[in-house]
Amino acid sequence: MLAETAANRSLCRTMRFLLSRQYQHFAAVYRQGNLRKASQVAGVTQPALTKSIRQIEASVGAKLFERTPQGMVATPAAEKLYTLYESFDQQSRYAQLELVEFLSDTGPQIRIGAGFVWAWHRLSDVIGDYVKAQPSVRVKLTTGITDTLIPQLENHEIDIAVCDLQGIIPPPGYACRMLWSTGRRLWANANHPLAGKMNLTLEDLSACVWIGYTTDTRMMAMLERQFRDVDLKKPIQLVETSSLMAQLNVMANSEFVGVIADDIAEEAARRGLVPLDFTSEDWVLHAGAMYPQEVESHPAFRHLLELLQKR
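For the sequence shown, the numbering used here gives the first residue as 1, with consecutive numbering after it.
Take these hints with a grain of salt, some might be off.
[As the list claims (entries may be wrong)] Calculated lysine-lysine pairs in the BS3-like style (CA-CA distance at most 30 Å, straight line):
(1) K197 to K233
(2) K51 to K63
(3) K132 to K310
(4) K51 to K80
(5) K310 to K37
(6) K37 to K63
(7) K80 to K63
(8) K197 to K37
(9) K80 to K37
(10) K234 to K197
(11) K37 to K51
[Said to hold, decoys possible] The following label-pair restraints were derived from C-beta to C-beta distances:
(12) Q40 to S297: 12 to 22 Å
(13) T214 to R67: 40 to 50 Å
(14) V209 to E79: 17 to 27 Å
The set of hints was computed from the structure by calculation and includes no laboratory data. Please read these numbers as outputs of a predicted model, since none were measured by experiment. Idealized CB from N, CA, C, for every residue including glycine.
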C-alpha cells in the first residue's frame, strides 16, 4: 500500500503500533461473526483470537461477544468499540499517506474499486488524466459490483468505490457523491429468435436463458420481482461471470440474453450483439463515489473526486 523503503516500513510499524494486535483480532471477529473465519482472515489460531478478546474485555470491563449457534454476536459494547476502532484505523491510514508522501518522492497508492461498466468505459480516461496530473501517485484498480465493492470499502480493502449507489445509504463515517446515470437494456446475438421483434413483453422473455454477473443479487432480485408481478417464474440464469468481456463474448456465440449498460453499447454491437426491444426504468444505473469522510482532506483523493465529478 505504501512505498517499500526501510524508512516507510519503520513509519508504518510505528503508526500501526497504535492499533494493537488485540484490537485487530477484535475487528476480525466483529466483521466475520465467526471465530473460524476470523482466524483465517487474521492469520492466527482461534485460541489466539479468544485470548485477545478476553484481554480487551478485561481492559474495558465489558463483555464483547455472545457465543451462539449462529456465531459470535456483538454486544452493544462491541458495537461502540468497533465504531471507535474503525474511525481510528481510517485516520491512521491517511496520516500514513501524508507522512510517507512528505518523507519520500513516492506518493501514496490509491485503491479504486469500480463497477465493471465504469472500469471499462469511464474510469480508463479518468485514471489516465489523474496519473498524468499526479505522477507520484500509484493507482490500484479492482472491479466488482455494488454488492461486493461496498463490503470491500468497509473492510478497508479499497479507498473509494465507484458503483451503482441508487438506494444505498452510506455507513457512518462515509460520504457519497453522485456522478452520472446510464440506462440498461436487454441484448442478444443478432440471430436470436427475438432479435428485431417489436414491443417485447416479460412473457416473451420468460423462455429465454440469461447470463449475468456473479453475485449481482440486486439485479436478479429486481428481475424476479418484475416477473413475479405479472405471475411469471423468475428468469433462468444458467451462466454467471465476473467478467464483462466474457459475458459479451459468450452472448456473441450463443442465444443467451443479458442486461447491458448503454455506455458499452458500441462494444456489444462490435461483437454482433443487438438490443432487444425491451428495457425498464428500474434498470437505470446511478453511479456514485463512496469513500471515508477523511478522504476529502487528502489532496490526491480530492483531485480524483474532482476528475470523477467532471465525467
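How the hints compare with the structure:
{"no.": "1", "hint": "K197 to K233", "in the structure": "holds (22 Å)"}
{"no.": "2", "hint": "K51 to K63", "in the structure": "holds (13 Å)"}
{"no.": "3", "hint": "K132 to K310", "in the structure": "holds (16 Å)"}
{"no.": "4", "hint": "K51 to K80", "in the structure": "holds (20 Å)"}
{"no.": "5", "hint": "K310 to K37", "in the structure": "violated (41 Å)"}
{"no.": "6", "hint": "K37 to K63", "in the structure": "holds (21 Å)"}
{"no.": "7", "hint": "K80 to K63", "in the structure": "holds (12 Å)"}
{"no.": "8", "hint": "K197 to K37", "in the structure": "violated (50 Å)"}
{"no.": "9", "hint": "K80 to K37", "in the structure": "holds (22 Å)"}
{"no.": "10", "hint": "K234 to K197", "in the structure": "holds (22 Å)"}
{"no.": "11", "hint": "K37 to K51", "in the structure": "holds (16 Å)"}
{"no.": "12", "hint": "Q40 to S297: 12 to 22 Å", "in the structure": "violated (34 Å)"}
{"no.": "13", "hint": "T214 to R67: 40 to 50 Å", "in the structure": "violated (33 Å)"}
{"no.": "14", "hint": "V209 to E79: 17 to 27 Å", "in the structure": "violated (45 Å)"}
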